[in-house]
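Residue numbers (my numbering): 110 to 553.
No lab work stands behind these hints: they were computed from the structure.
Here a beta-carbon is modelled for each residue, glycine too, at the ideal position from N, C-alpha and C.
Just to be clear, a hint being listed does not mean it is correct.
What the hints assert, rightly or not - The calculated DMTMM-like cross-link candidates involving lysine to aspartate or glutamate, where the alpha carbons are at most 25 Å apart (straight line), are:
1) K201 with D388
2) K201 with D393
3) K161 with E250
4) K201 with E250
Claimed, not checked - Quick list of simulated restraints, FRET-style, between CB atoms:
5) D388 with D200: 15 to 21 Å
6) I166 with D388: 31 to 37 Å
7) N313 with F367: 42 to 48 Å
8) G315 with A202: 19 to 25 Å
9) A253 with W355: 34 to 40 Å
10) G340 with S447: 50 to 56 Å
11) D200 with V170: 34 to 40 Å
12) V396 with F531: 45 to 51 Å
13) I256 with A524: 30 to 36 Å
14) L523 with W355: 35 to 41 Å
15) A414 with L507: 29 to 35 Å
16) P333 with D388: 39 to 45 Å
17) L422 with N516: 39 to 45 Å
18) N516 with M226: 47 to 53 Å
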Amino acid sequence: MGKGHGFALDKPERGGLPFPQQSNDPGQQPGGALEVGKLESATAEPESTLPKGWLGILTIVVMVCGPSMVGMMLTICLPILPNMVAAVHGDKAALISMPTAGIVVGGILAGFLLSRMSARTLMLTMIALFGVIGAAGMALEGNALLISRFLTGVVATCVSAASTTLIGEHIPLKIRPRVLGMQMAGSSLAGIVAMNISGALTQNFGWHASFTLFPIIAIILLVPGVMLLPGSQARAAGEKTSRAGWNLIFQMWPVYLFLLVMNATVYTSNSQTPFIMADLGVIDSAVRAHLQSINQTLIVLSAFAYPLTRRFLGSRWIPAFFLTMAGIGLVLLGSAHSTLQVGIALAFTGIGSGTLFPHQSNLILSRATPEIRGRAVGLMVSNQFLADTINPYVYPPLAVAVGGLGNSIIAVGLACGVGMLFALFYGARTNNVPLTAEAKGYGH
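Construct all of the structure, not just a fragment, from the sequences and the given hints.
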């Protein structure tokens, strides 16, 4: 959720982990393999076809809503997870993992659909389904509720993919970073608002009431979307380009593996905090929502501060920094004896996550040529939420092995400390690469 992506890319770091390196020729694959395309010329960028004035602003607001819907789909249910457990026969792991599994599938499905229908059609169709399937949660229980959560994840991710595609088609390059920045910030902020409204609804009307937010969100976006979103054309990739692109993406497997482990780690603050608070006797859904908002708030602030953090530390020390923040936060969360300590822990994990998310975009974008960048970023999103799906299945056996949920979270935090030492070694062997003019401005 809040899981936003993207700051302007830089050239990949040298040395350290065996990440594939990109040639100085922008049309070359990392490692000098097959050529899959040339960099897009800024001078060839078409002028915006959006309406002028307030209608244009409203169009952009609707256009960038995709990642916000993924975030809200998750955060609406965060404060009510303990309440929903009984409705799914106590299957906490499935309750947490089903929507994220839907996101993994949705990222792959969206790439298939976007080659066969326009981004506008896909986005509007999936917004409507978001409202219908989400509203079904008011009446469903058991396996039917789990399936609806999976499907909500699928359609929300399709909206997100279509949203980013429309931005690429209709937003001029010179203002695209600012629009993408609004997209990321709006995603996290919308998740915070939705989470707190959900907590208040549950406190006053029961947990089923939180699912009324899904059709409300869909209607708010669908009406202006139908009237304002510009049309677009479906484009099918050529067979040769498609094969070359997948070959290039396969060469990036060390990057994806690293990001899989890191995202599985930082998702702990979302997946396990509600149960830590329940163990502490925090039964008020609104209080749980307010506490978890700390994590989301720090993600927003840290993501915006990423260019400053990077400029101060240098790109080679960024992995060590977010591992340190995540490790401190998880140790504090696992050993928490009060809501104050939970809040402090979530602040640290939020800083770690907010630094990781834009950094992972740089790692992917700096290694993907324009023709396969969409697939590379889509795979990054699927990879991220695959990690989120894995996370809740790791903790039950780990908790049994180390003597409780709190101890298992501490163990993962200590593992971050070990990872931080490796990251320091990696940073010491890696040279900072000066930012290009494009990389000094950020957005996504």
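So, going through the hints one by one against the coordinates:
1. K201 with D388: 15 Å, holds
2. K201 with D393: Roughly 19 Å between the alpha carbons, so the hint for K201 and D393 holds.
3. K161 with E250: Outside the cut-off at roughly 47 Å; violated.
4. K201 with E250: Given that 25 Å is the threshold and the Cα spacing comes to 14 Å, the pair holds.
5. D388 with D200: 15 to 21 Å: With Cβ atoms ~19 Å apart, the hint holds.
6. I166 with D388: 31 to 37 Å: 46 Å, violated
7. N313 with F367: 42 to 48 Å: 44 Å, holds
8. G315 with A202: 19 to 25 Å: At roughly 24 Å between Cβ atoms, A202 and G315 fall inside 19 to 25 Å, so the hint holds.
9. A253 with W355: 34 to 40 Å: 36 Å, holds
10. G340 with S447: 50 to 56 Å: Once the Cβ atoms are compared, 55 Å apart, the range 50 to 56 Å for S447 and G340 holds.
11. D200 with V170: 34 to 40 Å: Holds - the Cβ-Cβ distance for D200 and V170, about 38 Å, lies within 34 to 40 Å.
12. V396 with F531: 45 to 51 Å: 38 Å, violated
13. I256 with A524: 30 to 36 Å: Distance hint for I256, A524 holds at roughly 34 Å.
14. L523 with W355: 35 to 41 Å: 38 Å, holds
15. A414 with L507: 29 to 35 Å: Since the Cβ atoms of A414 and L507 sit about 32 Å apart, the hinted range of 29 to 35 Å holds.
16. P333 with D388: 39 to 45 Å: 44 Å, holds
17. L422 with N516: 39 to 45 Å: Violated: the Cβ-Cβ distance is about 32 Å, outside 39 to 45 Å.
18. N516 with M226: 47 to 53 Å: 49 Å, holds
Violated hints, in rising order: 3, 6, 12 and 17; the structure is consistent with all others.
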